[in-house]
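K.L.:
Residue strings, one per chain:
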Amino acid sequence: MGLFVLRRILVTIPMMAVVALFVFGLLYLAPGDPAAMIAGDQATPAQIENIRSSLGLDRPFVVRFVSWIIGVVHGDLGNSLFSGQSVASMIVQRIPATLSVMGLTLIISISLAVPLGVVAASRQGSWLDRAVSAFAVLGFSLPVFVLGYILAYVFALQLGWFPVQGYAPSSQGFGPYIGHLLLPAVTLSGGYIALITRISRSAMLDALSQDYVRTAKAKGLPRRTVLFVHALKNAALPIVSIIGIGVAALIGGAVVTETVFGIPGLGRLVVDALLRRDYPIIQGVVLVSSFAYIAVNLGVDILYMLLDPRISY
Amino acid sequence: MTVIIDDPHEIATPAQLIVAPDLPPLILSRRPTHPLLTFTRRNPTIVMGGLLLAVIVVIAVLAPWLSTADPQALAPARRVRPPSAHDWFGTDDLGRDVYSRVIYGARTSLIVGFASAAAATFLGVLVGVLSGFIRWLDPIVMRIIDGLMSIPSVLIAIALLGVARGSIANVVIAISLSEFPRVARLVRGEVLSLRERAYVSAAVACGSSATRIMTRHILPNALDRIIIQATYVGASAIVAEAVLSFLGVGTPQTILSWGNIMAEGRALWQVKPYIVFFPSVFLCVTVLSVNLLGDGLRDFLDPRSAKRT
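In order, the protein sequences belong to chains A and B.
Sequential numbering from 12 applies to the first sequence in my numbering.
Sequential numbering from 35 applies to the second sequence in my numbering.
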């Protein structure tokens with residue numbers, strides 16, 4: 012078992028290396044001269060040259076890549092080209108807001124999508140099943156920001172139930188915290204619910220056609236026990252893995268949701284940085300969110316491996 | 035059993051009368067249905083998605099004739115008018131006619147969607163085939179694909195557009211590069227499973243070249259799945275273009291696109307929601323039509339997987 016876990020952990024190393032290479036290559040390709048940018052308009056060529064060599068920008072690609080990686084490992088993601096603040100601390104500041112939205116999204120999505128998928132599969136072909144499938148197609152087709160505007164217009168502007176924009180940290184109390192998070196989280200849930208529902212339904216259909224389900228029904232177990240204990244337990248692998256894989260789309264969706272609802276999270280940070288061409292921040296956010304995605308999926312796989320003795324990698 | 039009597043006037047022999055009693059016809063005659071009607075009845079999703087998409091395509095093509103005003107013409111005197119009989123979708127903060135802008139915006143979305151789907155599919159098939167066919171290359175390519183797929187695709191596109199300033203071509207390149215790993219992985223899987231088939235072994239035994247086996251035996255059999263995937267890539271590319279433009283980093287603002295119109299309406303959306311609303315509706319309908327087309331094609335081309343999902 013330990014060996015399998017170790018092997019699964021080792022698989023992530025090349026993935027992280029590819030991400031790091033992509034992110035670093037980006038800065039290498041970026042137009043403009045960071046040394047000239049930092050030096051300002053008044054600088055002489057000699058001063059720019061000085062800054063360049065002090066930043067190590069005159070060294071070859073591989074040397075720069077290695078020293079950059081060493082920095083990343085030590086938590087040094089460079090400094091913002093504009094504010095000069097450390098990128099790592101800027102990212103750390105923004106993480107709570109993004110994590111709050113995503114956490115609530117996960118809770119909403121999983122608690123709705125899995126039961127929907129189970130019920131749809133248990134009544135395959137019924138109107139309920141059709142409605143769930145139609146809802147899934149709609150969920151895929153409704154872009155995050157469109158859903159966000161619809162919800163904000165109806166529930167914040169017209170009904171006034173929630174604040175239109177902004178974010179309240181949890182230190183301001185639970186009510187304002189959840190109130191600010193609910194609309195963004197529901198917005199972000201749309202596509203995610205569609206995805207999980209679809210996979211849950213198809214995994215359940217597979218499981219329900221198995222012999223042990225027939226046996227369970229034949230010995231007179233209640234329908235609910237058969238569905239949620241016998242079938243769902245065995246359908247859990249694809250459901251759990253799509254929840255992990257879907258986190259990538261969730262991070263992308265968070266970028267948009269934060270823009271619509273004015274939430275000061277990682278997404279907002281990267282969009283603002285992009286508009287100002289602040290490359291170290293873009294690099295930092297891409298790196299951190301990709302590593303987070305890799306870590307989540309590593310966690311999901313290891314957890315599943317521990318829970319289900321049949322699985323080994 | 036019926037006995038066929040050629041001439042109705044011919045008197046049947048008693049034996050024939052016994053053999054051919056007056057039975058109702060076993061197979062009810064049916065009015066012949068038009069093949070198109072049968073197709074529609076069996077594949078309502080394809081027809082619905084296709085028709086919706088066709089409407090959008092027609093709107094995009096006929097934009098110069100359908101529009102009621104020059105989409106770029108500024109009319110400061112007619113700023114932010116709500117929708118009316120004259121300005122169907124209202125006017126924006128510079129007095130431009132939102133209806134005409136949305137109509138023209140269809141062109142950008144469709145072009146970007148189609149071009150990205152084509153480019154991502156081409157690249158994905160190329161990489162997938164090489165990875166599935168050349169054994170030593172496979173682990174290397176798959177690690178790279180795994181790595182790329184762990185970067186959220188919006189962030190890949192954002193990062194690439196950070197380096198190369200927005201133009202339609204760059205948006206298409208950025209979207210294709212963020213979407214192609216999915217196609218590559220699918221194609222590689224198909225190639226790996228198809229290459230074990232008996233007909234491929236037979237072709238190998240006949241001395242067919244690797245290129246011939248790939249183009250004549252493997253790719254045609256993977257084509258269905260590739261087409262289905264390409265459709266979904268097209269749908270996500272249309273959304274991606276709108277998202278990137280909405281964030282202000284996609285298609286340049288001088289080019290009309292639904293995302294750009296929404297980006298411009300963003301500042302005013304609380305007071306003038308229609309500027310954001312109308313392009314959203316068109317965007318959703320277009321994405322829905324492509325997704326329906328994809329689902330329909332999947333049911334039609336790949337019935338085995340359709341039954342389950």
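The reader is advised that the hints may include incorrect statements.
What the hints assert, rightly or not - Stretch-level coverage of chain A by chain B, calculated; a stretch enters the list once three of its residues show a Cβ under 8 Å from a Cβ in chain B: (1) 25-31; (2) 142-153; (3) 164-178; (4) 266-279; (5) 290-297; (6) 301-309.
Simulated from the structure, these hints should not be mistaken for laboratory data.
In this text, all values refer to a predicted model and were calculated from it rather than measured experimentally.
Every residue gets a Cβ at the ideal spot worked out from N, C-alpha and C, and that includes glycine.
K.L.:
Each hint needs a verdict: does it hold in this structure or not?
P.N.:
Against the structure, the hints:
no., hint, in the structure
1, 25-31, "holds (count 6)"
2, 142-153, "holds (count 5)"
3, 164-178, "holds (count 3)"
4, 266-279, "holds (count 3)"
5, 290-297, "holds (count 5)"
6, 301-309, "holds (count 4)"
Taken one by one, the earlier hints all hold for this structure without exception.
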